[in-house]
Amino acid sequence: MYTKNSYPFLWSYPILFVFLLLLVASFSVQARDTQEYWIAAEKTDWNYAPSGGNLINPENGLGVYGNTLVYTKYRYIGYTDNSYSQPIPQPEWMGILGPTIRAVVGDIIKVHFLNNTDLPLSIHPHGVMYNKDNEGADGGAGGSIPPGGRYTYTWVVDQDAGPGPDDPSSIVWLYHSHVMAEHEINLGLIGTIIITAANKARSSRGPVPRDVDQEFIALYMIFNEENDEESGMKHTINGRIFGNLTGFETTLRQRVRWHLIALGNEVDNHTAHWHGQTVLDRGHRTDVIEIMPANMRSVDMIPRSPGNWLFHCHVNDHMMAGMSTRWIVK
Amino acid sequence: MYTKNSYPFLWSYPILFVFLLLLVASFSVQARDTQEYWIAAEKTDWNYAPSGGNLINPENGLGVYGNTLVYTKYRYIGYTDNSYSQPIPQPEWMGILGPTIRAVVGDIIKVHFLNNTDLPLSIHPHGVMYNKDNEGADGGAGGSIPPGGRYTYTWVVDQDAGPGPDDPSSIVWLYHSHVMAEHEINLGLIGTIIITAANKARSSRGPVPRDVDQEFIALYMIFNEENDEESGMKHTINGRIFGNLTGFETTLRQRVRWHLIALGNEVDNHTAHWHGQTVLDRGHRTDVIEIMPANMRSVDMIPRSPGNWLFHCHVNDHMMAGMSTRWIVK
Amino acid sequence: MYTKNSYPFLWSYPILFVFLLLLVASFSVQARDTQEYWIAAEKTDWNYAPSGGNLINPENGLGVYGNTLVYTKYRYIGYTDNSYSQPIPQPEWMGILGPTIRAVVGDIIKVHFLNNTDLPLSIHPHGVMYNKDNEGADGGAGGSIPPGGRYTYTWVVDQDAGPGPDDPSSIVWLYHSHVMAEHEINLGLIGTIIITAANKARSSRGPVPRDVDQEFIALYMIFNEENDEESGMKHTINGRIFGNLTGFETTLRQRVRWHLIALGNEVDNHTAHWHGQTVLDRGHRTDVIEIMPANMRSVDMIPRSPGNWLFHCHVNDHMMAGMSTRWIVK
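Protein chains in written order, with my numbering: chain V, 1 to 330; chain R, 1 to 330; chain D, 1 to 330.
Note that these hints are calculated values from the structure, not bench results. It is possible that some hints are incorrect.
Identical chains share a label here; the pair holds if one copy fits it or two copies do between them.
[Stated by the list, open to error] In silico DSS-like links for lysine-lysine, alpha-carbon gap of 27 Å or less:
no., residue 1, residue 2
1, 43, 73
2, 43, 330
3, 200, 73
4, 110, 73
5, 110, 43
6, 200, 43
7, 110, 132
8, 200, 132
9, 110, 200
10, 73, 330
Bear in mind that the values here come from a model prediction, so they are computed numbers and not experimental data.
Please model the complete structure; the sequences and the hints are all you need to start from.
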């Protein structure tokens with residue numbers, strides 16, 4: 001490490017500082033919106049395979065993973081307002097994921113959190129700018145909200161929260177509880193934030209990118225339900241196993257963005273593979289995207305071949321354990 | 001997920017559609033060739049260390065991995081024509097890999113598959129465009145070819161099968177059997193497809209890129225021969241252990257492209273490392289390329305230093321278990 | 001594989017050859033410096049948690065990982081000259097790392113190695129150009145230096161050792177002992193080389209990039225101290241656990257480069273995560289960088305939010321086992 005006073009170009013710093021001030025000022029001006037969300041943490045039953053069967057290879061059944069299908073999970077549920085009475089419906093393919101928070105660079109995000117469970121919980125976001133009280137972790141005011149408690153998190157969507165120069169027009173960030181993070185992630189307290197670049201949004205108020213027709217999110221994660229017993233190792237995509245996640249449906253020539261995320265443990269090194277179609281990953285063509293715990297990858301696809309295709313982890317044991325579902329091109 | 005009718009720019013779609021039609025038409029015109037291959041699946045003996053010894057550190061021997069060296073494997077073998085009588089010779093460094101299928105963007109690939117084994121098998125390709133019957137997996141006509149059966153797969157090499165804008169002039173895709181994929185991959189039914197960009201091919205009929213002098217393929221994979229017993233965990237590069245893969249030979253200042261692939265299980269997270277030389281990985285300089293199951297990476301090297309160099313997995317246990325060989329610069 | 005004599009464009013080769021000669025000549029001219037280092041290998045005590053406590057969550061303590069904190073390690077220590085009497089002080093955040101070797105593309109590096117231990121050891125560098133005797137591995141003259149022995153390694157910093165076209169202005173390479181590499185890496189014989197692009201150095205003699213104010217290095221590695229017993233699996237950043245690595249301190253708006261490296265075994269697949277700030281990874285915005293054994297990643301950050309933030313592995317078990325520390329923005 002070296003120190004600043006050894007630098008020959010110090011004279012340039014005041015200029016830099018003025019530039020930064022102008023930059024911050026320009027953000028304030030162009031701030032289009034405060035994106036407001038009401039999210040409750042709730043204790044619910046979760047069924048890893050609502051059909052009760054293996055929808056990929058029905059004749060194979062669910063193996064030991066079918067011994068028990070329903071477990072108590074903790075989830076983030078989105079509501080329309082601060083009465084927390086009207087849950088916002090989610091597409092079927094979102095599975096166990098909490099509500100998707102969307103914003104454009106320049107926006108402010110406000111998340112009104114209600115902890116309707118019996119554990120102290122929080123919401124810790126990746127990517128966005130916050131001070132200690134809005135970190136949702138590690139000792140600030142929002143770091144641990146007691147059962148029944150409420151807290152409003154304020155996050156700033158600055159340039160450093162948005163797509164980089166080689167990223168697509170929107171990128172995905174994780175959010176999750178972070179009081180005892182490893183425990184609460186396994187409970188199911190997981191969601192995503194999608195940030196669109198300032199000049200790529202569909203309209204002045206809508207945070208959806210205009211060069212994309214459809215966005216899907218896929219969380220690859222092995223939930224550990226029975227203290228490492230194999231029957232409780234649920235190898236899921238968005239919390240479903242053996243094809244029980246439905247709704248990844250699109251049509252030919254749509255511009256589809258896939259946001260891929262993973263969370264978990266040493267076994268959660270996944271390789272998401274689509275049959276039937278490739279994706280563009282920052283200029284690289286592939287049909288396999290590797291994701292390790294907390295990786296966040298946003299890749300683009302324009303479906304070319306109609307069909308009912310597999311979408312699965314290419315790690316052999318994971319595929320066999322049910323980490324597989326279907327995506328449909330009409 | 002949002003729906004198309006909420007978009008303000010729908011008027012642009014007909015234009016897009018006409019553009020796409022023209023694009024498809026232009027492919028038909030520029031299609032240069034049908035690349036035709038005759039590939040049989042065969043049951044053979046495979047020796048993981050034909051020399052019988054450790055060619056990296058002879059004094060260390062092969063350890064438990066040397067207890068048994070020859071196992072029954074299933075392999076893809078390339079033939080000159082539909083008599084399947086004349087196998088196409090492969091360079092020694094290809095080891096257990098099936099024949100390399102080559103094509104240029106715009107081509108059609110036809111693979112005439114003969115299953116000369118006692119198991120139902122298939123050929124499932126990554127990357128290329130196919131309909132359900134040509135997927136080689138998951139229920140289509142080519143999804144499971146019985147013992148003695150034949151099937152011709154037709155794959156379209158469209159733009160989405162070729163290098164992306166930031167890829168080198170050729171990229172690698174896997175193919176493998178996909179009836180019970182995890183089992184058949186471990187049997188050895190693995191090969192690659194190399195696709196060259198349309199304007200980067202060496203000639204109008206040759207699918208080899210003209211900005212490259214030599215291409216090598218390296219599959220990092222741990223074959224599991226004895227139900228997880230360590231002595232049967234063969235830590236291989238192209239199916240050989242402890243330096244028994246020979247033939248990675250080049251000369252100073254050649255333009256060498258390395259296509260790296262991995263397959264397998266939770267332990268198959270590999271970090272391929274060359275001594276003596278670095279590679280360029282889409283603009284990034286390194287000498288270690290990480291590959292997880294089904295990852296496919298194509299990186300470029302111009303050898304600068306003559307020598308007999310190691311090429312090995314940098315994961316400690318893997319290196320110790322024989323995942324190491326040599327590459328030679330003359 | 002195909003051979004050169006099948007190429008239609010052979011006429012271009014003499015031109016290429018002349019170009020290469022000119023290129024090599026230009027390097028000789030612009031070679032600014034020989035970077036000279038005196039490095040000894042020494043046997044020392046190492047304390048994984050000098051504070052004796054858990055500085056992240058003090059109430060949780062150190063668990064089984066606290067049973068024993070001090071072990072015998074082998075380290076690379078930098079000295080001012082060939083008397084090896086005056087060790088070069090290192091910042092606290094460097095922890096167990098050996099001295100950082102710095103050079104600019106065009107330089108020569110000379111490392112005068114003294115093996116002050118009871119084991120044969122070496123220094124094997126990544127990235128730089130060497131012949132067999134300077135490889136520090138695999139049989140050359142510098143491949144195994146006996147206890148008490150000395151050896152001077154000469155490494156050439158050619159273009160292929162410097163940043164690629166899409167890399168930042170400096171990149172990190174590992175060096176480590178490579179007689180029995182897997183054993184010596186676990187002993188602690190690890191350091192880094194940082195190479196700055198020729199036109200990006202701060203001055204004609206200083207190898208530090210001028211577009212960066214501060215550089216940090218973080219090694220994520222699980223040291224195995226007790227033959228796989230969990231209490232001996234020290235989940236470290238630069239050799240410290242549970243917040244005992246101190247000194248990652250910077251100020252708002254500094255241009256900070258983080259060089260991330262990993263080494264080790266099958267469990268050493270890490271995902272480094274910063275709270276409070278994102279990084280730019282070759283044009284991609286993220287706050288999680290995945291590193292597998294021997295991966296070397298250099299990413300940039302401009303701190304935006306003051307605070308005392310976590311920096312930890314996002315793999316659940318690793319985080320719980322102490323792979324966590326703090327970075328501070330003032």
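Tested hints:
1. In the homo-oligomer, the alpha carbons of residue 43 and residue 73 lie at most 27 Å apart inside one protomer (6 Å), although the nearest pairing across protomers, at 48 Å, exceeds that limit.
2. When the C-alpha separation of residue 43 and residue 330 is checked against a cutoff of 27 Å, the pair qualifies neither within a copy, at 37 Å, nor between copies, at 40 Å.
3. For the homomeric pair residue 200 and residue 73, neither the shortest alpha-carbon distance inside one copy (37 Å) nor that between copies (53 Å) is at most 27 Å.
4. With identical chains, the CA atoms of residue 110 and residue 73 are at most 27 Å apart within one copy only, with a shortest distance of 25 Å there and 49 Å across copies.
5. In this assembly of identical chains, the alpha carbons of residue 110 and residue 43 lie at most 27 Å apart only when taken from the same copy (23 Å versus 54 Å across copies).
6. Taking CA atoms no more than 27 Å apart as the test, residue 200 paired with residue 43 passes in neither setting, with 37 Å inside one copy and 55 Å between copies.
7. In the homo-oligomer, the alpha carbons of residue 110 and residue 132 lie at most 27 Å apart inside one protomer (15 Å), although the nearest pairing across protomers, at 46 Å, exceeds that limit.
8. For a Cα distance limit of 27 Å, the shortest separation of residue 200 from residue 132 qualifies neither inside one copy, at 30 Å, nor across copies, at 36 Å.
9. In the homo-oligomer, the alpha carbons of residue 110 and residue 200 lie at most 27 Å apart inside one protomer (22 Å), although the nearest pairing across protomers, at 42 Å, exceeds that limit.
10. Proximity of residue 73 to residue 330 under the C-alpha cut-off of 27 Å is found in neither arrangement, the shortest distances being 34 Å within a copy and 40 Å between copies.
Comparing the model with each earlier hint shows violations of hints 2, 3, 6, 8 and 10; every other hint is respected.
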